[in-house]
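Line by line, the protein sequences give chains E and R. For the first sequence, the residue numbers in this note's numbering are 1 to 350. For the second sequence, the residue numbers in this note's numbering are 1 to 306.
Take these hints with a grain of salt, some might be off.
What the hints assert, rightly or not - List of simulated lysine to aspartate or glutamate pairs, EDC-like, C-alpha gap at most 20 Å: (1) E:K54 <-> R:E214; (2) R:K302 <-> R:D120; (3) E:K155 <-> E:D311; (4) R:K27 <-> E:E243; (5) E:K54 <-> R:D220; (6) E:K164 <-> R:E299; (7) E:K54 <-> R:D216; (8) R:K113 <-> E:E314; (9) R:K31 <-> E:D331; (10) E:K53 <-> R:D120.
Don't read these hints as lab results, they were simulated from the structure.
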Amino acid sequence: PCAGPVESKNEAAMSELVPEPRQKPVVPMKPMGINANLLGYIGIDTIIEQMRKKTMKTGFDFNIMVVGQSGLGKSTLVNTLFKSQVSRKSSGWNREEKIPKTVEIKAIGHVIEEGGVKMKLTVIDTPGFGDQINNENCWEPIEKYINEQYEKFLKEEVNIARKKRIPDTRVHCCLYFISPTGHSLRPLDLEFMKHLSKVVNIIPVIAKADTMTLEEKIEFKQRVRKELEVNGIEFYPQKEFDEDLEDKTENDKIRQESMPFAVVGSDKEYQVNGKRVLGRKTPWGIIEVENLTHCEFALLRDFVIRTHLQDLKEVTHNIHYETYRAKRLNDNGGLPPMTAETEENHESNL
Amino acid sequence: QQPAQFTNPETPGYVGFANLPNQVHRKSVKKGFEFTLMVVGESGLGKSTLINSLFLTDLYPERIIPGAAEKIERTVQIEASTVEIEERGVKLRLTVVDTPGYGDAINCRDCFKTIISYIDEQFERYLHDESGLNRRHIIDNRVHCCFYFISPFGHGLKPLDVEFMKAIHNKVNIVPVIAKADTLSLRERERLKKRILDEIEEHGIKIYHLPDAESDEDEDFKEQTRLLKASIPFCVVGSNQLIEAKGKKVRGRLYPWGVVEVENPEHNDFLKLRTMLITHMQDLQEVTQDLHYENFRSERLKRGGR
Numbered sequence: 001p002c003a004g005p006v007e008s009k010n011e012a013a014m015s016e017l018v019p020e021p022r023q024k025p026v027v028p029m030k031p032m033g034i035n036a037n038l039l040g041y042i043g044i045d046t047i048i049e050q051m052r053k054k055t056m057k058t059g060f061d062f063n064i065m066v067v068g069q070s071g072l073g074k075s076t077l078v079n080t081l082f083k084s085q086v087s088r089k090s091s092g093w094n095r096e097e098k099i100p101k102t103v104e105i106k107a108i109g110h111v112i113e114e115g116g117v118k119m120k121l122t123v124i125d126t127p128g129f130g131d132q133i134n135n136e137n138c139w140e141p142i143e144k145y146i147n148e149q150y151e152k153f154l155k156e157e158v159n160i161a162r163k164k165r166i167p168d169t170r171v172h173c174c175l176y177f178i179s180p181t182g183h184s185l186r187p188l189d190l191e192f193m194k195h196l197s198k199v200v201n202i203i204p205v206i207a208k209a210d211t212m213t214l215e216e217k218i219e220f221k222q223r224v225r226k227e228l229e230v231n232g233i234e235f236y237p238q239k240e241f242d243e244d245l246e247d248k249t250e251n252d253k254i255r256q257e258s259m260p261f262a263v264v265g266s267d268k269e270y271q272v273n274g275k276r277v278l279g280r281k282t283p284w285g286i287i288e289v290e291n292l293t294h295c296e297f298a299l300l301r302d303f304v305i306r307t308h309l310q311d312l313k314e315v316t317h318n319i320h321y322e323t324y325r326a327k328r329l330n331d332n333g334g335l336p337p338m339t340a341e342t343e344e345n346h347e348s349n350l
Numbered sequence: 001q002q003p004a005q006f007t008n009p010e011t012p013g014y015v016g017f018a019n020l021p022n023q024v025h026r027k028s029v030k031k032g033f034e035f036t037l038m039v040v041g042e043s044g045l046g047k048s049t050l051i052n053s054l055f056l057t058d059l060y061p062e063r064i065i066p067g068a069a070e071k072i073e074r075t076v077q078i079e080a081s082t083v084e085i086e087e088r089g090v091k092l093r094l095t096v097v098d099t100p101g102y103g104d105a106i107n108c109r110d111c112f113k114t115i116i117s118y119i120d121e122q123f124e125r126y127l128h129d130e131s132g133l134n135r136r137h138i139i140d141n142r143v144h145c146c147f148y149f150i151s152p153f154g155h156g157l158k159p160l161d162v163e164f165m166k167a168i169h170n171k172v173n174i175v176p177v178i179a180k181a182d183t184l185s186l187r188e189r190e191r192l193k194k195r196i197l198d199e200i201e202e203h204g205i206k207i208y209h210l211p212d213a214e215s216d217e218d219e220d221f222k223e224q225t226r227l228l229k230a231s232i233p234f235c236v237v238g239s240n241q242l243i244e245a246k247g248k249k250v251r252g253r254l255y256p257w258g259v260v261e262v263e264n265p266e267h268n269d270f271l272k273l274r275t276m277l278i279t280h281m282q283d284l285q286e287v288t289q290d291l292h293y294e295n296f297r298s299e300r301l302k303r304g305g306r
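All chains, full assembly: derive it from the sequences and hints.
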């Protein structure tokens, strides 16, 4: 078990983030001793424990996509997020490599383990996005990729003999990197997010935030939030999917104050006050990545990984995927053909 | 303004996704669970009493027990009652499907048709919902487990028992239960259990098998699983009454020769049955989903249309 920050929420159901050894609830084989109401204890709450054990054993998939112009620190940020070299940094396009004519989609998978929980992490990079002279429709390959993953899942789901655990390659989260110009969003940013927020969870992130002072940061964030609102762009966590009051309160705060997260990434460590921290060294000081007074990286990390990881997956599955599926059902031709099935039986099964 | 939580130095390399099970936990607690349990057995074997004892509820408050004459023409009914049970913040929506009339008629030949239709109907409905447009709130009414009550008065399985179990063992998880165990001595129970297990094997009946404890479980849990597996079929006693025994009030049956305590493991397997049900509730659901339902679905899709 590793040490970790103490959770600020005071909820009985959500205990500390420290993965401490859980007290094992055991359904008593011998009768319980004294019960105030004589009704006894059945043990229903142990079902939850069974589920958590299951989750830990089976591990889970998580697919995160990063989108943004070259040089905004996407790979570094992802590596910082997962504290491993899960994304290969490109050191810019050298003379031999050509800037890809269209956006490329590169998916790299890793298995990382922590506290007994295995995660199969896939990082989907999109080199070439926004790098051309003419960037019209450069989001199309990305949208196509996302829909292709939905299609893959759907095909497996409608199969007659389908797998018990359908491999999940759907994009659960898309980090969109905004350039820290300090002015406003660029037209490309708006176009991308307008199109893609309908098919995937978008989390806008202000990259290389160490180029802005505190005041500039606050102003820029406000302006970006306003622009997103004015353009009707619903980034994650989307208002309409708040499940209850508790979620709404929590998410409102994130939507209206914290997002977009202004982040700095780094994979280099420096000595600060006797501790080794991840940071960037400049003549005027060391920018500590995980220091909340310096940048909001820790907020992003906690948000994506420690609190909303499961929700990101659920919204992808229950909302985005279902929307795709419903569209497919209504399209001409209907769902993909099932194996060992003829065309005419198609409709009646659906 | 900075939240105090970040003042703790972190172990370098800690990302935090080990917290995922907690997130899943939180969502599960919010959602609660659904479970459907079917009870099948002849009248008078104590099914209703047992269900009430298991869940400490009174699912059958006002019962009018029909007389023999009324039972002659009775066909099997399906009665489903749902109760919501909450314990330590966790909600369980339990549906008990009762099958009064089973085994009552003089000629029981058509006894199980109604029951099989019911099980298939739930699969059909789920398949339909699953293939539909709006899947956000699919209700799962599929039968996750069937307690089959065997009479303690015979010498083992009756022909009806065998036929019925063979007819549903590919559609639902069967847990055989020997009812009214207080009519048997301990030795008689052992004999009957062995007899029934032999007959089950002889006839190729597939009952629900408890999965073995995983190697990383602690010894207590492994031992508990071993004990449970060794006790099948469970010999149970149920009761709706609280009797004074040894200075405490216990659920039990008062006889002139003593008190049979429902929750005393030396008197009967009631606690084992309850433990098995609760600790395997999720597995029962999974086997229903991954095995029985998928079988139904692939058969159905292969056949095509109606």
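Tested hints:
1. Pair hint K54 of chain E plus E214 of chain R holds up; C-alpha atoms about 11 Å apart against a cutoff of 20 Å.
2. At roughly 16 Å between alpha-carbon atoms, K302 of chain R and D120 of chain R fall within 20 Å of each other, so this suggested pair holds.
3. Under the criterion of a C-alpha separation no larger than 20 Å, the hint pairing K155 of chain E with D311 of chain E is inconsistent with the structure, at around 24 Å.
4. This hinted pair checks out: K27 of chain R and E243 of chain E have alpha carbons roughly 10 Å apart, not beyond 20 Å.
5. For the suggested pair K54 of chain E and D220 of chain R, the alpha carbons sit about 19 Å apart, so the restraint of at most 20 Å is met.
6. With a C-alpha separation of about 17 Å, the suggested pair K164 of chain E and E299 of chain R falls inside the 20 Å cut-off, and the hint holds.
7. This hinted pair checks out: K54 of chain E and D216 of chain R have alpha carbons roughly 12 Å apart, not beyond 20 Å.
8. At most 20 Å may separate the alpha-carbon atoms for a hinted pair to count; K113 of chain R and E314 of chain E exceed this at roughly 39 Å.
9. Between K31 of chain R and D331 of chain E the CA atoms are separated by roughly 33 Å; this puts the pair beyond 20 Å, and the hint is violated.
10. Under the criterion of a C-alpha separation no larger than 20 Å, the hint pairing K53 of chain E with D120 of chain R is inconsistent with the structure, at around 32 Å.
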